[in-house]
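Using the hints, position chain B against chain A.
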Amino acid sequence: AQSVTQLGSHVSVSEGALVLLRCNYSSSVPPYLFWYVQYPNQGLQLLLKYTSAATLVKGINGFEAEFKKSETSFHLTKPSAHMSDAAEYFCAVSDTGNTGKLIFGQGTTLQVKP
Amino acid sequence: KAGVTQTPRYLIKTRGQQVTLSCSPISGHRSVSWYQQTPGQGLQFLFEYFSETQRNKGNFPGRFSGRQFSNSRSEMNVSTLELGDSALYLCASSLGHQGTDTQYFGPGTRLTVL
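Those protein sequence lines, which keep their order, are chains A and B. Residue numbering for the first sequence follows the numbering used here, starting at 12 and increasing by one per position. Residue numbering for the second sequence follows the numbering used here, starting at 1214 and increasing by one per position.
Simulated from the structure, these hints should not be mistaken for laboratory data. Accuracy of the hints is not assured; some may be wrong.
Stated by the list, open to error - Here are some, though not all, of the chain A residues that point toward chain B, as calculated from beta-carbon distances under 7 Å:
no.: 1; residue: Tyr43
no.: 2; residue: Gln53
no.: 3; residue: Leu55
no.: 4; residue: Leu59
no.: 5; residue: Thr62
no.: 6; residue: Ala65
no.: 7; residue: Lys69
no.: 8; residue: Ser105
no.: 9; residue: Thr110
no.: 10; residue: Gly111
no.: 11; residue: Phe115
no.: 12; residue: Thr119
As the structure is a computational prediction, the values presented were derived from the model and not from experiment. Even for Gly, the Cβ is constructed at its ideal location relative to N, Cα and C.
Only chain A is shown next, with the shape it has when bound in the complex:
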């Protein structure tokens, strides 16, 4: 069965510092992976997705993620944090089979300190 583990439920960085949010997946087939962001009292917004093309995926707002099959990881990074990046971030994997069902990690809350 597919699963996703996000390491660290809370991450705190200073404004201008590197953001690194960790995601590891378990999948019996080549996975499709997604990162979503959720701001307070809002739904989820797609940051980026990996669907077996380039292993380095660039997303919105300066975020990118690298798919590493050997490490079963899909970590999210941003070179310089901005105050507006403070939110909750979810890593997700598509379930196997002909379905759009997403399996989410538990989420990581990013705090950005001035």
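Just chain B now, kept in the frame of chain A:
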């Protein structure tokens, strides 16, 4: 294009009542999925509909049901509400039902059961 819309945004019910939530997908999208978000369990998949057919169902009791109409709009119903049903219910739409299809989320309906 307008995004995914969900109505109502907030709802307060008492135990034992039933509730119906509505979701209007992005124009042209034929697939609608529902997720429940709680602090304890995170984001959990409820159901997936495509062309008025339920394609996939999560591990929820039969009190949770849904349907999709010919215009792709979807509703979910929860009968005999329990306190534990208090959650943010998110609807997502996508063009198709493949794992590569991006799911676009609505703002959610916040259900509080008293």
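Status of each hint after checking the structure:
1. Tyr43: holds (5 Å)
2. Gln53: At 6 Å from the nearest chain B Cβ, Gln53/A passes the 7 Å test, so the hint holds.
3. Leu55: holds (4 Å)
4. Leu59: violated (10 Å)
5. Thr62: holds (5 Å)
6. Ala65: violated (14 Å)
7. Lys69: violated (15 Å)
8. Ser105: Since the shortest Cβ distance to chain B is 3 Å, the answer is holds.
9. Thr110: Because about 5 Å separates Thr110/A from the closest Cβ in chain B, which is inside the 7 Å limit, the hint holds.
10. Gly111: holds (5 Å)
11. Phe115: Since chain B brings a Cβ to about 4 Å from Phe115/A, closer than 7 Å, the hint holds.
12. Thr119: Since the shortest Cβ distance to chain B is 11 Å, the answer is violated.
Figure legend: structure checked against the earlier numbered hints; hints not met, in rising order: 4, 6, 7, 12.
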